[in-house]
Amino acid sequence: MDVRAILMGLAFAVMWSSAFTSARIIVSAAPPVSALALRFLISGLLGVLIARALGQTWHLTPAQWRATIIFGICQNALYLGLNFVAMQTVEASLAAIIASTMPLLVGLASWIVFKERIGALGFAGLAAGVIGVGIIMGSRLQGGADLYGIALCVIGVIALTFATLSVRGATSGGNFLMIVGLQMLVGSVVLGVVGATTETIRIDWSWQLIAAFAYTTLIPGLAATLTWFWLVNRIGAIKAATFHFLNPFLGVTIAALILGEALRIWDIIGVIIVTLGILAVQISRQTKPD
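Under my numbering, the residue at position 275 of the sequence shown is numbered 259, and the numbers go up by one with no gaps.
Wrong hints could be hidden among the right ones.
Claimed, not checked - Straight-line distance between alpha carbons at most 25 Å, and here's what the computed SDA-like set of lysine to any residue pairs gives:
(1) 223 to 107
(2) 99 to 223
(3) 99 to 148
(4) 223 to 142
(5) 223 to 207
(6) 223 to 143
(7) 99 to 114
(8) 99 to 138
(9) 223 to 146
(10) 223 to 128
(11) 223 to 15
(12) 223 to 89
(13) 223 to 96
(14) 223 to 237
(15) 223 to 104
(16) 223 to 208
(17) 223 to -2
Since the hints were derived computationally from the structure, they do not count as laboratory data.
Just need the whole structure built from these sequences, with the hints factored in.
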């Protein structure tokens, strides 16, 4: 892994982790589902236009269309939709920590469903992840965290895990950016219907809201996606996924710096354990266990 790949991986982790903080700002001033639907509409159209400019086509293979629809519903509508709703009552740092367990859940499901061998280091990582999350959850629940909001975050990360496992290899064959753009448009349609039927549009306009919405749309929405695919193309999906181990730490740190969310001692301990667990699982998947 060269220096450029490391820098791009770090940039991706920062952009991904910061999305929870900007989302928290958005949902405090606007209806969450409708705001997310609009974000995906803009990001999706931009993605499709850029993909067309690069010569990519929307004439996808059946496997690519399946990946587009599954990811559009499970990742964009369910995972992010549930997180946006949850962050009306759940701190950005906690939502980021829960979402960061996705690599652990993928590793666990790959072992159970696909019989992938992950070795002793992988099992240790999974155990550490469970322990770390348990420490954080126990601390937050004692501190009065909203159980309903936490449940929405958990359902969301399970939906993302399902999508990740369901489309393994389905996006091969090119047209990556086009697929991503179309996924966002699928999510926008689903969320738009839900928002139109369940929400009343009331917006507390401010420069913070506008800045957070623009940032979320362009940086985590598009730039992080482009960076991720560049990284996967350069070093491979498994090595690229190693950068996810930074997400718990970065998610908590960014929320503390920008939103002033409290950093509790048990949160710090739990984040360190979860981070090490994710790293262990990712490293174990890069090597063949004995």
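Each hint, compared with the structure:
1. 223 to 107: 19 Å, holds
2. 99 to 223: 20 Å, holds
3. 99 to 148: The given pair, whose Cα atoms are some 16 Å apart, holds under the 25 Å limit.
4. 223 to 142: With a Cα-Cα distance of about 22 Å, the restraint between residue 223 and residue 142 holds, given a limit of 25 Å.
5. 223 to 207: 20 Å, holds
6. 223 to 143: 23 Å, holds
7. 99 to 114: Answer holds: residue 99 to residue 114 is near 20 Å, not above 25 Å.
8. 99 to 138: Given that 25 Å is the threshold and the Cα spacing comes to 24 Å, the pair holds.
9. 223 to 146: 21 Å, holds
10. 223 to 128: Since the Cα atoms of residue 223 and residue 128 sit roughly 38 Å apart, the hinted pair is violated (cutoff 25 Å).
11. 223 to 15: 37 Å, violated
12. 223 to 89: 17 Å, holds
13. 223 to 96: 22 Å, holds
14. 223 to 237: 24 Å, holds
15. 223 to 104: At roughly 19 Å apart (the allowed maximum being 25 Å), residue 104 and residue 223 satisfy the hint.
16. 223 to 208: 17 Å, holds
17. 223 to -2: This hinted pair holds, its Cα atoms lying about 17 Å apart.
Violated hints, in rising order: 10 and 11; the structure is consistent with all others.
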